[in-house]
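Chains A and B supply the protein sequences, listed in that same order. In terms of the numbering used here, the first sequence opens at residue 1 and continues consecutively. In terms of the numbering used here, the second sequence opens at residue 1 and continues consecutively.
Think of the hints as simulated: they come from the structure by calculation, not from any bench. Glycine is no exception: its CB is placed at the ideal position from the N, C-alpha and C atoms. Heads up, a few of these hints could be off.
Selected chain A positions facing chain B (Cβ under 7 Å, derived; list incomplete) [what the hints assert, rightly or not]: (1) Arg215; (2) Trp322; (3) Gln338; (4) Arg341.
Spelled out from the first residue to the last, the chains are:
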Amino acid sequence: MTDAAARGPGEERPSAVLARVDRELRALWSTEPGETPKARACTMNLVVVAATPALAEKWLPVVDEVLLGTPARAIVVGLDAGGADGLEATTTAVCAPGNGGPLACSERVTLVARGATSAHLPSCVAALCCTDVPTTLVWLGEVHAGDATFEPLARDASRIVLDAAEGSLASLARAVYWARARAAADRPGVADLGWTRLAPWQEMCARMFDEPRLRPLASRVTRVSLVQASEQGAAMGAAGLLFVGWLATRLGWKKAAPSSEPGKLTLLRADGGPVEIVTSASATSKAPLHALLAVSLEASADEGTVRGEVAREVGDPDAATWRLEVTRAGAEPERIEQHVRLRATGPAGLLERTLHRPTHDAALADAAAWADGLGGEELACAGDGDNVRRA
Amino acid sequence: MTEPISPNPLRRGLVEDRTSDACAVVIFGASGDLTRRKLMPALYNLAWARSLPGGFAVVGVARREKTDESFRAEMKEAVSSFSRRKPIDAAVWADFERGISYVRGAANEPATYETLRAHLDRIDTERGTRKTRLFYLAVPPAEFGPIVEGLRAAHLVVPPGQEKSGGAWTRVVFEKPFGHDLESARALNDAVASAFDESQVFRIDHYLGKETVQNLLVFRFANSLFEPIWGREHVDHVQITVAEDIGVEGRGRFYEQTGVTRDIVENHAMQLLCLTAMEPPVSLAADAVRDEKVKVLRSLRPMERSEVSRSVVRGQYARGVVRGEDAPAYREEPDVSPESRVETYVAMKCLVDNWRWSGVPFYVRAGKRMARRVTEIAVVFNEIPHTLFHTLDGGITANTLAVRIQPDEGISLRFISKEPGQQTVLRDVAMDFRYGAAFGSNTPEAYERLLLDAMRGEATLFTRRDEVEAQWAYMDRVLGAWAAEGNPPPPMYAGGTWGPEQADDLLARDGRRWRKP
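Using the sequences and the hints given, assemble the complete structure.
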């Protein structure tokens, strides 16, 4: 990585700052005698907008790590709406080792937009984006309807990435609604880092019904139990809500009357049968706040019953145990237990995996909209998750 | 009539992290180099990427006496040395090695299969693999038959009917070479068919697992720019090069029996030719893609014996200098006869007799100890019909699209451009796309993709029986012509060059010349 100069706040007009950035970007690709040649690589514009300069600063190493695997022009913006008007910029090349050949390098531009300049940020970003490559907008903050910064940036993007776990499910849902309101040809995809975190959990739950003889039981789920990492009594976080939303939209469940009992929710299956959602919390895990700690599904029909469970291991939050128990009348229960790895959930790995997913993900949009309608306050994690996990 | 099995609703829209069913991969030839260098590192990398199911198990089978612990230690050392992900991740390895075990046994001993069956039954209970097994035959072809028969006799092969209903499955993966001529390939296929349905058979050609090779289909059929000019109206000829700068590297005994034609041309080079020449398949389903490849093989103009001497050039490397160092002649290599007539180089002109490619020659060359290691497909387009520009060096070179398979995987398009300046000076330039630069350097190894595909039952990147036999049917005529002539000594070429002069003559007769990639 090479450093470049930083600008003083408010010293230059935005157009002068951008002209300087252009010059610095060109200069990055000149090679001094004896230097390893650099090859510029760019598969996308990666625009990261943080609600504060400090948050943007925190994301710089994340972005640099992503650029090593996904060459791009990264534009990392910190907003400081309350500061004196001005635009600051730095430029940097982020280079992956060239294995003896030229270094493959991405460009990273860091902007801090202060005061009224924040409102002009979209035009600054547009001026800096590479042409003819898609743009991904990573929005690290709340999405508000009519936001003068979010909307123009989102319109120019082919994909918007949010993090409901850090922001809110409502914010993710607003982005989904905003995107749905646009014409299909002009509609950016909406992705969510929290949704990517859930992917291994979804896969493991799907696996419970992969065997053809167990597939009919997917439409006969009677109980879902979720344990999240939080204090007992806390509202269910975005991860749990999105997970319930995913199950509900895949299996055709509808909301029934609100439950009077905290930590329980009753939904209706497509055949009218009830599905009980039971939530609990554990504060003893090393997993991040509101992360899923355990999920279990029970289903029952004439063919028999199935109980599947995915539970993070207590000493290693990146590992989980997957269990499946199938019971049939007159037969010994069949039990399978497998040890699985959830994948590192660091922000860089998560963003990279998110960028490699398809741009449009209807399952996420459906789940977010469904869960937003549910409202987290309806689903407090009343039970003692440690007891559930021990059981 | 049986009811169709409804799809799993929780799989709808699930785009990532689909692993295979919990299964046991049984590697015959577990002490061999392929297992150490390729298979185990590939499986570890899949575990690292969380592409393996929780109930995954690897069972090594080989003659040597080993314990589970010593086999695990050997494999850990192999993964540490050969995995593209270094250093080894302790947590991932700890999970992975729990599933590794070893069975001692020889291919021709029935007891091997009885022991193996008992071992796999135990794994079924412990790991939940439920009789779901992938047998990987990383052994010399002579052992294919006995192993297939041993598996069948020990009832280790689940019929495909159960597999189709989503129950346990058995698949078998064969390493190349698959036969040494058409007759032996057919015999081998018959032996395999006595125990396995064709849908259970996965014949590996690891070239098909390489990203650039897979990208060839995407490049051709996902871009509207190239397909309209991909044929006789715009293409002058195609050059396929599979060149290695190394010699036989201790495989003298093997090479004395095979030669480069059987080792490289019959499989890898023919597959590259098929992917270049094939028509768009109706879908990406395994049989749809393989049907189109077979059509290309059947369209290859069979070579009459008299034609072979005109259209095929053999060569054998003599002493030379490779990468700045003296290199011995082939005949000086260990386990090679000093009078050997085995070819280490072959160049041939193939004609595809179909509507698209009529009259467009495909020049294929493969060799050992050549000037550099490179595998590429170069599509050379027609020259311009009329020159407007004065050129100092006597002409404007034709546009060339080169797909580099290895190293530096990528695609480059050579075209003519004006040099900046007051005069119109033309220059040959390249638009260069490199995988490493565009997508980062951590591209999956071919074996990772192929192993995962075999576990998932996706056969597109594997060769089908009729494909293998069609490849042999074409090459048999060449091999037969050489045999009929008494297998004359091949012309020599100095190590570190691009092959014998006769190969240059092959193209010069057509007014063309080889690229120097």
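Results of checking the hints against the structure:
1. Arg215: Given a least distance of 6 Å, the restraint on A:Arg215 holds.
2. Trp322: At about 5 Å, which falls below the 7 Å cut-off, the nearest Cβ of chain B leaves the hint on A:Trp322 intact, so it holds.
3. Gln338: 3 Å, holds
4. Arg341: 6 Å, holds
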